[in-house]
Structures are given as structure tokens and as C-alpha cells.
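There are 4 protein chains.
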Amino acid sequence: MGHEINLEKYHIRTDLAIEAIANIKSETGIKSHVEKKEKITITSVFLDEKGSNHIGKPEGVYITIEFDDVTDYHNQENVKQIFSEQLKEMLTFLKIDSDDLVLIVGLGNEKSTPDSLGPMAINNIVVTNHLYMLNSLGDGFRRVCVLKPGVMGTTGIETSDLITSSVKGLNPDLVIVIDSLASQSVERLNKTIQMTDSGIHPGSGIGNHRKKINKETIGVPVIAIGVPTVVDAVTIVSDTFNYMHKHFSYSKQNIDNPIDRLIPITKINYLKQQYNLKKDDKEKLLGMVGSLNDNELKQLIFEVLTPIGYNLMVTPKEVDFVIKKLGEVIGNGINRALHKNVTNL
Amino acid sequence: MGHEINLEKYHIRTDLAIEAIANIKSETGIKSHVEKKEKITITSVFLDEKGSNHIGKPEGVYITIEFDDVTDYHNQENVKQIFSEQLKEMLTFLKIDSDDLVLIVGLGNEKSTPDSLGPMAINNIVVTNHLYMLNSLGDGFRRVCVLKPGVMGTTGIETSDLITSSVKGLNPDLVIVIDSLASQSVERLNKTIQMTDSGIHPGSGIGNHRKKINKETIGVPVIAIGVPTVVDAVTIVSDTFNYMHKHFSYSKQNIDNPIDRLIPITKINYLKQQYNLKKDDKEKLLGMVGSLNDNELKQLIFEVLTPIGYNLMVTPKEVDFVIKKLGEVIGNGINRALHKNVTNL
Amino acid sequence: MGHEINLEKYHIRTDLAIEAIANIKSETGIKSHVEKKEKITITSVFLDEKGSNHIGKPEGVYITIEFDDVTDYHNQENVKQIFSEQLKEMLTFLKIDSDDLVLIVGLGNEKSTPDSLGPMAINNIVVTNHLYMLNSLGDGFRRVCVLKPGVMGTTGIETSDLITSSVKGLNPDLVIVIDSLASQSVERLNKTIQMTDSGIHPGSGIGNHRKKINKETIGVPVIAIGVPTVVDAVTIVSDTFNYMHKHFSYSKQNIDNPIDRLIPITKINYLKQQYNLKKDDKEKLLGMVGSLNDNELKQLIFEVLTPIGYNLMVTPKEVDFVIKKLGEVIGNGINRALHKNVTNL
Amino acid sequence: MGHEINLEKYHIRTDLAIEAIANIKSETGIKSHVEKKEKITITSVFLDEKGSNHIGKPEGVYITIEFDDVTDYHNQENVKQIFSEQLKEMLTFLKIDSDDLVLIVGLGNEKSTPDSLGPMAINNIVVTNHLYMLNSLGDGFRRVCVLKPGVMGTTGIETSDLITSSVKGLNPDLVIVIDSLASQSVERLNKTIQMTDSGIHPGSGIGNHRKKINKETIGVPVIAIGVPTVVDAVTIVSDTFNYMHKHFSYSKQNIDNPIDRLIPITKINYLKQQYNLKKDDKEKLLGMVGSLNDNELKQLIFEVLTPIGYNLMVTPKEVDFVIKKLGEVIGNGINRALHKNVTNL
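Listed in order, the protein sequences are those of chains X, C, A and H. Heads up, the first sequence is in the working numbering, so the first residue is 5 and it goes up one at a time. Heads up, the second sequence is in the working numbering, so the first residue is 5 and it goes up one at a time. Heads up, the third sequence is in the working numbering, so the first residue is 5 and it goes up one at a time. Heads up, the fourth sequence is in the working numbering, so the first residue is 5 and it goes up one at a time.
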């Protein structure tokens with residue numbers, strides 16, 4: 005081909021620690037704990053300094069909850085409950101007392117549906133700090149206040165500056181920050197909640213909030229909660245290449261099984277098992293491109309799509325309904341974790 | 005009647021200086037300048053220390069613009085233009101430079117239509133501060149940023165505290181605060197803009213933001229812009245008593261004019277001229293109640309309606325359309341006053 | 005006064021049968037049944053031809069449910085339940101079968117909050133007719149479809165024509181129509197649901213839908229459900245005159261009771277008992293105006309306010325929250341009455 | 005590979021005639037006329053019976069307008085103007101008189117942003133039919149009324165049935181139907197308007213309205229206006245394969261040009277010229293997959309993505325802003341074409 009592909013232009017970033025780790029776990033000593041409840045997978049990772057350097061994510065605890073479609077009512081309830089329990093554990097871990105003041109910040113643009121998860125979740129929060137100021141805070145409730153700082157493109161204000169000023173004025177004991185993220189995989193889109201005490205470095209996701217918000221920068225413990233709600237075309241294409249490998253590997257292994265011919269392929273999820281293609285087969289199938297590793301492949305696709313303006317960030321067409329439900333999961337889940345007397349909001 | 009009416013329970017407050025002055029102007033030395041343009045009336049009042057004590061409003065300049073229905077397109081344009089010119093004069097008076105940073109704050113609850121004027125106006129502001137930070141601010145534009153602090157009932161945060169913190173962090177040269185007010189007259193409802201450099205003392209209007217926001221409290225010049233969007237039942241009733249007086253006075257004077265009988269009364273605005281009833285006639289018409297002065301009347305109505313819960317704060321049923329148009333008037337008018345190169349937004 | 009007041013210009017109309025009857029019940033043979041449940045009053049009236057002629061409302065059954073503020077969660081639940089039970093009884097009375105197709109129509113303008121009750125209620129309806137068409141209608145559910153016809157001012161289409169066409173095309177067994185009404189009393193504002201099988205004659209309320217919708221015009225039984233959400237200034241003022249009478253009557257009767265002086269008047273609801281002033285006292289208190297009967301008083305106030313444009317239609321400033329809750333009451337109540345298997349939506 | 009790919013499972017459908025034709029134009033006698041104005045491309049195609057059979061689209065005139073991002077103000081104005089002119093020509097072609105009654109129908113779900121183009125456009129229409137009924141229709145305006153039928157999933161009513169009933173009741177001379185479409189190319193997403201007199205066969209796009217709406221079914225001429233607002237993952241991936249071919253072809257041709265090395269590839273749009281790879285190179289680059297033609301490729305990707313549930317329909321993350329602007333283009337463009345006296349709305 006003459007011209008060599010510059011494979012370094014696409015700096016692959018992910019907001020999800022679980023994805024960063026997946027790529028290199030084997031080479032490092034990073035350990036993760038995986039648990040399954042009601043078809044929901046909970047992965048806990050503790051990144052110490054060494055692990056942090058390895059994967060380029062800040063030190064801290066990362067809890068990842070993976071689940072199916074939350075527009076299903078029963079599934080939504082299960083996710084809400086498990087998210088709430090995990091958040092309670094994180095509060096205990098961070099030694100937050102039951103009467104500590106909590107400020108909850110919803111990042112993102114309320115008027116842009118795929119970026120509105122933060123403000124949407126805030127709309128579901130049981131706010132109580134003003135009742136405390138009026139001496140009418142009920143038993144089993146703590147002081148909670150909220151902030152929707154908006155996005156710099158519409159406010160003209162650096163979001164992290166606004167948060168920092170507000171924290172100085174309010175002096176909360178804990179800040180919870182909620183944001184929409186970009187996904188590095190089609191599978192996790194709208195189906196993953198990440199929770200971490202390592203803060204948030206906006207700008208990686210779909211907003212551009214840029215300055216870090218963590219215990220060092222604002223002087224107060226921070227829990228960042230994020231859900232990937234958008235994905236770029238590079239990810240869709242590179243995931244499809246991988247699915248192609250698995251699809252062919254599956255076909256190869258099962259072709260002699262006569263029963264399989266009767267099962268329509270639409271019923272088979274070949275992602276659930278390991279179907280890996282050998283290098284030779286990959287190249288037969290996808291030529292030179294088939295010989296690239298994951299990063300090289302993403303960089304190539306990025307180099308192809310970017311100059312022509314087609315590396316779109318996209319969101320599923322059901323975005324309005326999904327964000328509404330996710331906002332309920334996050335908002336209600338936070339209520340149950342923060343207020344003893346809230347069990348169903 | 006035996007039981008004497010306690011006439012002091014209803015503390016009559018008004019957010020509009022023009023109303024406070026109207027009641028007592030004759031007794032004081034307060035002077036006001038009145039100008040008419042295109043059926044729009046502009047009243048300017050300068051309150052010095054003495055005047056301030058007299059009427060119980062803080063010292064400062066008060067500009068009041070009175071106009072007809074802004075859901076009429078041409079009238080809306082005229083009001084926008086005149087409001088913009090008055091604001092420019094106020095900027096000059098306060099010595100605000102053309103490249104000074106301005107923070108615009110929209111008070112009120114975006115989700116409660118009659119209280120949403122502030123946030124609605126903010127949605128129409130040309131925000132530029134982020135472009136300045138990116139070195140891409142065009143000629144004829146100044147740095148402008150905005151804040152929608154929400155209301156304490158939904159954020160749990162004292163609104164004035166949030167504004168104070170933000171001002172400390174941002175360090176603007178001027179703060180413009182926009183709010184919905186309560187009216188003390190049916191005539192001015194949705195048909196008056198007040199602009200003042202004396203700050204704002206929320207809590208008088210329909211929100212309950214409570215702490216003063218002015219140059220002393222936040223260390224920066226403040227221009228407060230308000231429009232009365234709600235009125236209480238006491239005002240509707242007491243205004244009607246006054247209209248009754250005028251109506252009967254008009255009838256008395258015109259009864260012998262045979263032409264008048266042919267003009268349907270629906271075409272006559274008897275408010276535009278002076279039709280005053282003598283004390284005797286008032287008592288004949290409205291008995292003991294007719295003998296009360298304005299304040300006594302309001303206090304009586306307040307005493308009647310409050311214990312049974314019917315001193316409602318109300319807003320005209322067209323509130324959604326009117327607030328939208330008023331938000332455009334305020335937002336676009338501010339744009340034209342702040343940015344030299346904006347003439348039609 | 006010379007000029008005589010033309011007392012006939014204000015044609016007093018009310019959308020609520022209960023109000024029409026209240027004025028003249030004593031003179032007619034119309035009987036009503038009143039029941040109390042959990043502070044909620046249910047009044048049932050059956051208007052035969054004679055009664056219909058008497059009060060100028062069409063023949064039929066009228067159920068009126070009166071209640072307190074539905075922004076209180078527990079009260080909202082009670083109202084929902086009782087409304088649902090009354091609707092079930094009306095279905096039985098009209099011989100609607102459990103698998104009959106029902107079309108629910110939400111009248112009013114979704115973008116004008118005080119007029120949005122119809123569309124808001126529709127948003128809470130469990131719609132099932134498309135599932136029936138796909139053969140996937142579950143047990144305990146009937147076929148339900150909905151229509152938001154909008155208002156003529158934004159669609160250009162006579163609303164009743166659109167409903168008639170749709171009924172012809174769909175052929176439902178029952179049509180339920182939901183609308184916002186105008187109230188003739190401050191007390192009933194947002195605190196009354198009227199349900200009737202006599203159809204709806206829009207144009208009396210705040211929309212202007214004009215043509216009758218009833219069994220005769222559309223060929224299908226109609227249940228009309230309405231809530232008064234706006235009130236005019238005439239009503240506010242004339243109600244206040246009546247409260248004044250009661251207030252003074254109360255004062256007169258209680259002045260010698262020393263305990264009463266210790267009870268702040270704000271705790272006393274003198275509306276709950278009968279405090280009537282004698283004619284003499286009325287005239288002492290309110291002069292010539294005090295001698296008018298209810299209709300004359302309303303006509304006078306109408307004549308005073310109308311020529312100067314101040315007979316505003318108004319709605320309480322909390323309109324956004326109240327309409328949301330009322331929309332849930334109506335929508336959820338209908339669901340429970342129509343679908344056996346819905347008990348909490 | 006043993007198992008052969010079933011290439012017929014993915015039935016490639018497109019809502020855009022221009023795409024259907026592109027695939028097979030060379031083999032047929034279908035002629036299209038292409039015009040360029042202000043960077044906007046207008047393609048007109050007349051499909052007679054033979055052409056219709058060839059490409060599987062109904063007979064009629066198809067006008068396609070292709071343009072750049074309409075969130076740019078000046079570009080938006082140009083697109084509006086050209087769309088309006090094309091619509092005027094279509095009205096002339098269909099012999100619609102200047103005082104004929106027009107019904108405009110906005111298909112789609114107002115509460116699902118990517119599917120809300122129809123209702124959004126309706127919100128921008130100058131509606132006049134009610135003024136005509138009140139004898140107050142101004143000169144230079146025709147009778148226009150609108151309908152937002154909603155979607156079957158929320159109304160329970162087959163959308164085309166509701167339209168048919170309404171047309172019977174209203175008897176308009178022309179029906180204009182606006183809908184969101186699915187795109188078969190990333191390039192056309194939100195950047196194409198198709199207008200046709202051949203009616204609309206909903207169900208191909210993102211809604212599922214299913215029954216045909218055309219002159220035969222409703223007895224009145226129909227102009228269908230559509231914009232592709234969503235795209236499926238199959239299209240994104242197959243488009244990327246094609247871009248890869250072009251990218252490599254470009255690299256091959258330009259590698260020896262030393263200047264080219266200095267031009268960052270991000271500045272080069274290699275789609276604008278013809279860069280085609282030979283079959284050999286394709287297979288070297290992409291193996292067996294590189295040897296497939298367009299349809300085979302799409303069918304393969306469909307077979308890979310569908311069983312695992314990842315053939316997502318997606319929309320760009322800026323969907324809220326783009327749909328708002330497109331709704332203005334369509335709504336304002338229709339106003340200018342229908343009403344002589346509207347030039348800027």
C-alpha cells in the first residue's frame with residue numbers, strides 16, 4: 005500500500021475503568037471482583053498507584069454495574085436496588101455519616117437529550133436541605149441539596165469553576181457528580197453504571213467540562229456516577245469487525261451439527277461463548293485489516309472517517325425513553341442510599 | 005359592628021417603586037420624570053436617602069416602562085427597543101465599560117410558568133464568555149455569562165448564597181438579575197418592566213429568595229429587572245372597588261348626555277380620565293366599606309380572605325404565551341444593550 | 005344614581021351542574037344525593053326533562069366530587085380512588101361491557117398550562133387498542149385508544165368535527181371526553197371533578213370548542229369529565245363580597261365570647277358554618293351594593309370590569325403542579341375503572 | 005468457510021428514491037435532472053411505470069434537496085428558500101389553486117426527538133382555516149389546517165385510519181405529509197429533504213404507520229416530505245468499508261507527491277473525487293469481505309449484527325438542535341410556498 009498508516013492519531017480513551025482494564029489486565033496485577041445478581045453483573049476494581057499508572061486512570065475504587073434494558077419495569081427496579089446498595093457501600097467505605105450534608109451535581113445539557121442524564125437524575129432527587137434550614141427535616145432524612153451547573157456552551161462559565169465556587173459556599177461533606185459518558189463498546193451503551201471515588205475528568209465524555217473534579221481539587225470526597233449514552237462510529241465499526249470474527253468462528257465450529265441448521269441464527273448469541281478465529285482465518289476473511297490488533301484497527305477506522313467528517317457520535321433512536329428511565333434509576337437509587345426513610349422513590 | 009377591624013395585619017408591600025411613590029408622592033419631595041414613546045410610558049425616579057426613608061425602598065434609580073400587550077408583534081418590537089435604550093443609559097450611568105464582563109442571573113423556577121420569566125429570558129441571551137476564553141470573541145461583542153440558580157424549594161440552596169459564591173468565583177464587573185414580581189395593581193400585570201440599580205430583595209415577589217442582592221452584599225454593581233406576573237385576590241378586589249367608584253362617577257357625569265347612551269359602555273375606558281366620587285356618594289354606594297381609604301380597604305379584604313385560604317396569588321390564563329414573549333423582550337433587549345453588534349436578537 | 009345598571013349584560017353561565025342547582029334548588033323539585041368519604045364530598049344529581057328546563061343544563065346524571073388540595077400525596081390517592089369508583093358506577097349505569105372499545109379524548113391546548121388538563125390526563129392513560137390489533141392484549145385489559153384533537157386556534161379545525169370524524173372511523177362503544185372548565189366559585193377551583201353522561205358543550209369553559217359532543221351528535225354514549233381550572237375576576241370579587249358578609253356576621257355573633265379573642269382569626273374558617281347577615285346590616289356594611297342579590301352583584305361587577313378590559317380569566321400561580329397532579333388523578337382513575345388488572349397506575 | 009452466507013435475509017429498503025436509483029440507474033432508462041444552487045444540490049426524477057417497476061418505488065415525481073448542516077444560520081436560510089421554491093413548483097405541477105384548502109399532517113412521536121420532525125414542523129406552520137371560518141382571513145393567505153395524529157404505540161389508533169377519517173370530514177384539496185425517514189447512507193443523514201407526489205408508505209422509516217397514504221387511498225393529492233434522521237449500524241459499517249477503499253485508493257495515488265505529506269489528511273475530503281480500488285487491491289485490503297458487492301456486504305453485516313441485537317438504529321448526539329432547525333426549514337418553507345404574503349416565517 006506504500007503509504008503507511010499512522011496508527012497513533014486516534015488516542016483511544018475510555019471513561020470506563022472496566023474497559024481500560026479489559027485491554028491489559030493479563031499483563032498487570034490488577035484484581036477485580038465480579039458478582040452476579042438477577043442477571044446484573046457487578047465488577048469492583050481497586051486501583052492502587054501501580055495499577056493506576058498501568059491503565060492511565062486515577063487511583064480509587066471503581067464499581068461497574070452491567071444490566072439489560074431498563075425500559076423493562078422489573079429490570080429497572082432490580083437495577084435501582086442494586087445500584088442503591090453499591091452506593092451505600094461506597095458511602096460506608098468513604099466514612100460518610102448519616103447526617104452529613106451531600107451536594108449532588110447533575111452535569112450535562114438539559115436541552116440535549118443524550119447529554120441530559122445528569123439534570124434528569126437531579127429532577128428525581130429528594131431535596132431536603134431547605135427543610136433543615138426551616139427546622140422541619142423529618143427523621144430518617146439527611147440534608148441533601150442539588151446543582152445543575154449547565155454546560156459551558158450555554159452558560160459561558162467553566163463548569164468546574166462553578167462547582168468549586170458552590171462547594172466553597174455550601175461546605176458539603178460529600179459531592180456526588182452525575183454525568184453522561186462516551187462508550188467504547190456497543191454492548192455497554194445505556195447498559196452500564198460506573199461509580200468511582202476517583203473523581204471525574206470531564207471532557208472525555210460528551211460534554212466538555214474539562215477540569216478535574218475530585219477530592220484534591222474541591223477539598224471534599226467525590227463520588228462520580230456515569231452512564232455511557234453515546235458511542236462513536238469508530239467503535240461501532242471496530243466492534244462489528246470483532247463480531248464478524250466471532251460469527252465466522254461460530255459458523256466454522258457448528259457447521260457439521262445438523263441440529264444447528266434448524267435453529268435460526270437470530271436466536272443464537274455467539275457473543276456469550278468464546279469463538280475466536282485464528283490469525284490465518286482472520287486474514288482470509290478480512291485481509292490486511294484482519295491482521296490488525298484492536299488498537300490498530302480503531303486507529304485505522306479513525307483515520308478513514310475523521311477527514312471526511314463521518315466519525316459521528318451517535319445515540320440509539322430510543323434515547324428519550326432510555327434517558328428518562330436511567331434518570332429514575334440514578335435519582336431513586338441515590339434517594340434510597342442517602343435517606344433511611346426513602347424506600348420507593 | 006362592635007368588633008373593630010385590625011387594619012394592620014396586611015402589610016402592603018410592592019415591588020414596584022412607581023406604586024410605592026404613587027401613594028405618597030404629594031407629601032414628599034420625590035420627583036419623577038415621565039416620558040411617552042409609541043404608547044409606552046417611561047417613568048424615571050431618583051430616590052435619595054430622604055426619599056428612600058419616605059417610601060421604604062432602597063436608594064437608587066428606578067426606571068419603569070409601562071406598555072400594552074406584548075403578544076402583539078409590533079408592540080413587542082417597540083417595547084424591546086425602548087427597554088434596550090433605557091438599559092444602555094443605565095449602563096452609562098453606572099460607568100460599565102463596553103468590554104466589562106457581565107453575569108446575568110435568571111431567578112425563579114423554570115418549571116412553574118408564572119415564575120419562569122428569569123430562566124426564560126436567560127434562554128434568549130447571547131452568551132459569549134466561553135468564546136473569549138477560546139480567543140474567538142468577535143468584534144462588537146462583550147463577555148457575557150449566565151446563571152439559572154433555581155429556587156430553594158427544588159435546590160435546597162439559598163439562592164442568594166449561590167449567586168454570592170458564583171460572583172466570587174467569576175469576578176464579573178456587573179450583575180444583571182431578572183425576576184418575576186407580584187403586582188399591586190391589575191393594570192400593571194405583565195405590562196410593566198422595572199429596572200433599578202438598587203438591587204433586589206427577593207421574597208417580596210413570588211419566589212422566596214430572601215437575602216438582598218445588591219452592590220453592598222456582592223461587591224459588584226447590580227441591575228435588577230423585574231416584571232409583575234402575578235397578583236393576589238386582595239388587589240383584584242380592591243382595584244374593583246376603585247373601578248366601581250370611577251364607573252359611578254362617570255355615569256353620574258354623563259347621564260344627561262344623550263349621545264352617550266348610544267355609545268356602548270364597552271367602548272369607554274373611564275380609567276383614562278379623572279372620575280372621582282365624593283365621600284358621600286362613596287358611602288351611599290358602598291356603605292361603611294366605601295368610607296375606607298386604600299390601605300384600610302386592602303387590610304380589610306386581607307382579613308376576610310386570609311383565614312379561609314382564598315387570598316390566592318393568580319396569573320392570567322394566557323400565562324404561557326405572555327411569559328414567552330416577555331422573556332424575548334427582556335433577553336433580546338439585554339443583548340442589544342450589551343453587544344454593539346447585536347441589533348435583532 | 006340616575007343611570008340604571010343594566011343587569012342583564014352578564015349572562016352567568018356555569019359548567020358545573022352543582023352550581024346551577026345551588027342557585028335555585030329550593031324552588032324546584034330537583035333532588036340530589038350527597039355522600040362524604042375521607043373529607044371528600046360526592047354529590048349525585050339526576051336531571052329529568054323538567055329539571056333540565058329549570059336550570060338550563062341538558063338532562064342526565066351529574067356526579068360532582070369535591071376535595072382538598074391534590075398536591076398532597078395521600079389526598080391525591082383518595083381522590084383517585086373515589087373518582088375511579090364513581091366512574092365504574094357510571095359505566096355500569098350506561099351498560100358498557102368490560103370488553104367494549106373506549107375512545108378517550110383530551111380537549112384543550114397542551115402548550116397552555118391552565119388549558120392542558122385534557123392532554124395531560126391522556127398522557128397517563130394505559131392505551132391498549134394497538135395490542136389488541138396485534139393479538140397481544142392481556143387478560144384484564146380492554147381496548148382503549150386516545151385522541152388529543154388540539155384547539156381550533158392552533159389546528160384550524162373545529163374540534164368537534166375532528167372528534168366526529170374519528171368516531172366514525174373508529175366506531176368505539178363509549179367516548180370519554182376530558183376538559184378544563186371555568187369555575188363560578190373560588191372554592192371549587194382545582195378542587196372539583198364533574199362527571200356527566202349528558203355530553204359536553206364546549207365554549208363555556210376556557211377553550212372554545214363550540215359544538216356539542218353528546219350521544220345525539222356522535223351516536224355513541226359520552227361521559228364528560230371536567231375540572232374547573234380558571235376563574236374570572238367577577239367571581240373573585242363577588243365571592244369576596246359574600247365572604248365579607250359572613251366575616252361580619254361571624255364577628256357580630258362572637259364578639260362577646262372572651263375565648264374567641266385569644267384564637268387568632270387565621271385559624272377560623274367561618275365558611276363552614278352559617279353566618280348570614282340581615283339585609284339592614286348588609287346595607288350598612290356595603291351600601292347600595294350590599295342590597296343586590298348574587299346575580300345582580302355579578303352583573304354589576306361585570307359591567308364595571310369589562311369595558312376597561314380587567315375581567316381577567318386567572319389561574320392560581322401553582323398551576324403547573326396542580327394540573328400535573330389532576331392529570332394523574334383523572335388518567336390513573338380512568339385506567340383503574342376501565343382495566344380490571346390496573347390497580348396502581 | 006464451510007457455512008455459506010445467506011445473503012437474502014437483509015432486504016435493503018430505502019425511503020429515498022435517489023438512493024434506490026443510484027444503485028441501478030445505469031441499467032435502466034430512468035433520467036434525473038441535477039441542479040446546483042449555493043452548494044445545495046437539487047435532483048428531480050420522474051418515475052414512469054417502467055421505472056417504478058425497476059426500482060420498486062411508486063410512480064411519481066421525486067425531488068431531492070441535498071445540503072450541509074442547517075444549524076448554520078445562513079445555510080439554513082438558503083435551504084429554506086430553495087425548499088420553498090421546489091414546493092411551489094410541485095403545487096403548480098399538481099394544479100393546486102392559490103385558494104385551495106391544504107391539510108398538513110405531521111407524522112411521528114413528538115416525545116421522541118429523532119421521530120419528532122413532523123410535529124416539530126407543524127409547530128412552525130401559519131394556520132389560517134379558523135380565520136376563514138370567522139371571515140377574517142387576510143389577503144395573500146390561503147386556508148391551512150394541521151393535524152398531529154401521533155403514533156399508534158401511544159394512541160392505539162392506526163395512524164392512516166385517523167388521517168383518512170379526518171380527510172373525509174375536512175375535505176381538503178391537498179394533503180401534505182411530513183415524516184422522519186431512515187437513511188441508507190451516513191452522508192445524507194439530516195442533510196436531505198425528499199419531496200414526492202407518490203404518497204408515503206410509512207413503516208419503512210422509523211415510525212410504524214404501515215398503511216399507504218396517497219391519492220388512491222385518501223382521494224386527494226398528497227405531497228410527502230421526508231428527511232432521513234436515523235441510520236442503522238449496518239449502514240454505518242458498510243459505508244465505512246467503502247470509505248476505506250477510497251482512502252486507500254487516495255493514498256496509493258498520492259504517496260509520491262511530496263507536498264501531500266505536508267497537508268494533514270484531516271483537510272482532505274477524498275470523497276469528492278473518484279478514488280476507486282481495483283478488485284485485487286480490495287481483496288488484499290479486506291480479504292474475502294473485500295470481494296463482496298454493496299448488497300452482499302450489507303447482508304453480511306446484517307447477518308452478523310442482528311442475532312446479537314446490535315443492529316441499532318441511531319441518530320447523531322446533536323439530534324435536539326438539528327431537528328429543531330429542520331422543523332423550522334420545513335415549516336417556514338411550507339408557509340412561504342402556501343401563503344403569498346408570508347416571506348419570512
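Be careful, since some hints might not be right.
For chains that are exact copies, the list does not tell them apart, and a pair is met inside one copy or across any two.
30 Å max Cα-Cα, derived BS3-like pairs, lysine-lysine [stated by the list, open to error]:
{"id": "1", "residue 1": "Lys-344", "residue 2": "Lys-115"}
{"id": "2", "residue 1": "Lys-172", "residue 2": "Lys-288"}
{"id": "3", "residue 1": "Lys-282", "residue 2": "Lys-344"}
{"id": "4", "residue 1": "Lys-216", "residue 2": "Lys-283"}
{"id": "5", "residue 1": "Lys-283", "residue 2": "Lys-250"}
{"id": "6", "residue 1": "Lys-250", "residue 2": "Lys-54"}
{"id": "7", "residue 1": "Lys-195", "residue 2": "Lys-344"}
{"id": "8", "residue 1": "Lys-250", "residue 2": "Lys-40"}
{"id": "9", "residue 1": "Lys-219", "residue 2": "Lys-250"}
{"id": "10", "residue 1": "Lys-216", "residue 2": "Lys-250"}
{"id": "11", "residue 1": "Lys-216", "residue 2": "Lys-288"}
It should be emphasised that the hints constitute simulated quantities derived from the structure, not laboratory data.
Going through the hints against the structure:
1. Lys-344 / Lys-115: between (33 Å within a copy, 28 Å between copies)
2. Lys-172 / Lys-288: neither (61 Å within a copy, 61 Å between copies)
3. Lys-282 / Lys-344: Neither way: Lys-282 and Lys-344 sit 54 Å apart in one copy and 58 Å across, limit 30 Å.
4. Lys-216 / Lys-283: neither (41 Å within a copy, 50 Å between copies)
5. Lys-283 / Lys-250: both (13 Å within a copy, 26 Å between copies)
6. Lys-250 / Lys-54: neither (34 Å within a copy, 44 Å between copies)
7. Lys-195 / Lys-344: So Lys-195 and Lys-344 pass the 30 Å test inside one copy only (27 Å; across, 34 Å).
8. Lys-250 / Lys-40: within (24 Å within a copy, 46 Å between copies)
9. Lys-219 / Lys-250: Classified as neither; 43 Å inside a copy, 49 Å across copies.
10. Lys-216 / Lys-250: Neither: 39 Å inside a chain and 40 Å across chains, both beyond 30 Å.
11. Lys-216 / Lys-288: Classified as neither; 46 Å inside a copy, 45 Å across copies.
Comparing the model with each numbered hint stated earlier shows that hints 2, 3, 4, 6, 9, 10, 11 do not hold.
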